[in-house]
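**Student:** As given, the protein sequences belong to chains A and B, one line each in that order. Here the first sequence is numbered in our numbering, starting from 63 and rising by one per residue. Here the second sequence is numbered in our numbering, starting from 63 and rising by one per residue.
Hints are computed from structural coordinates only; laboratory data are not their basis. The reader is advised that the hints may include incorrect statements.
It does not matter which identical chain is used: a pair holds within one copy or between any two.
Straight-line C-alpha distance at most 20 Å; calculated EDC-like pairs for lysine to aspartate or glutamate [stated by the list, open to error]:
1) K67 / D137
2) K149 / E87
3) K149 / D134
4) K67 / E119
5) K142 / D132
2 protein chains.
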Amino acid sequence: MEVIKVSAHSRSTAVAGAIAGIIREHGRAEVQAIGASAVNQAIKAVAIARSYLVQDEIDIVCVPEFVEVDIDGQDRTAVKLVVEPRK
Amino acid sequence: MEVIKVSAHSRSTAVAGAIAGIIREHGRAEVQAIGASAVNQAIKAVAIARSYLVQDEIDIVCVPEFVEVDIDGQDRTAVKLVVEPRK
Numbered sequence: 063m064e065v066i067k068v069s070a071h072s073r074s075t076a077v078a079g080a081i082a083g084i085i086r087e088h089g090r091a092e093v094q095a096i097g098a099s100a101v102n103q104a105i106k107a108v109a110i111a112r113s114y115l116v117q118d119e120i121d122i123v124c125v126p127e128f129v130e131v132d133i134d135g136q137d138r139t140a141v142k143l144v145v146e147p148r149k
Numbered sequence: 063m064e065v066i067k068v069s070a071h072s073r074s075t076a077v078a079g080a081i082a083g084i085i086r087e088h089g090r091a092e093v094q095a096i097g098a099s100a101v102n103q104a105i106k107a108v109a110i111a112r113s114y115l116v117q118d119e120i121d122i123v124c125v126p127e128f129v130e131v132d133i134d135g136q137d138r139t140a141v142k143l144v145v146e147p148r149k
């Protein structure tokens, strides 16, 4: 599945729209962010996506985990948020 | 229930320990953060708390939402993370 990559400059509402669309289509989304500003935008996007999905009667939760990623040949620790419907 | 307030200077591992302790005792924890650095520390703490709770066979998820809080007479928007076992 495609991972939604969030930067410090990403708009939370745009990311939220992407999350909501992927949840509707695939039932699960993955969001990846590196750095405090990007992580903040990502978690705000999940909060906003929750409101978008109320009309679909889908209640989402997120599961944060650390992942190592390669950025321009350098190892960086990213935060991955797995977003899925509440069971 | 007591809310765990996280600042930019909070240690993620200390917050993670608090989350894990409250989850073990009460089955649900609330974490509140204002600002990108604090939100980042909070979400990292949830990721770390997940690893602490593996030994208890508890798998946690978090639900982010916005809340308005009063800080020294000023309205601020905080991010609240409700942490609970995966159903």
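**Student:** At most 20 Å between C-alpha atoms: does K67 with E119 qualify within a copy, between copies, both, or neither?
**Tutor:** neither (26 Å within a copy, 30 Å between copies)
**Student:** Could you figure out if K67 and D137 sit no more than 20 Å apart (CA to CA) within one copy, between two copies, both or neither?
**Tutor:** within (16 Å within a copy, 31 Å between copies)
**Student:** For the identical chains here, do K142 and D132 meet the 20 Å Cα criterion within one copy, between copies, both, or neither?
**Tutor:** Answer is within: at 14 Å inside a copy they meet the 20 Å cutoff, but 31 Å across does not.
**Student:** Is the C-alpha distance from K149 to D134 at most 20 Å within one copy, between copies, in both cases, or in neither?
**Tutor:** Classified as neither; 38 Å inside a copy, 39 Å across copies.
**Student:** Check K149 against E87 for me: Cα-Cα at most 20 Å, and say if that holds within a copy, between copies, both or neither.
**Tutor:** Cα proximity of K149 and E87: one copy only (17 Å, versus 22 Å across).
Violated hints, in rising order: 3, 4; the structure is consistent with all others.
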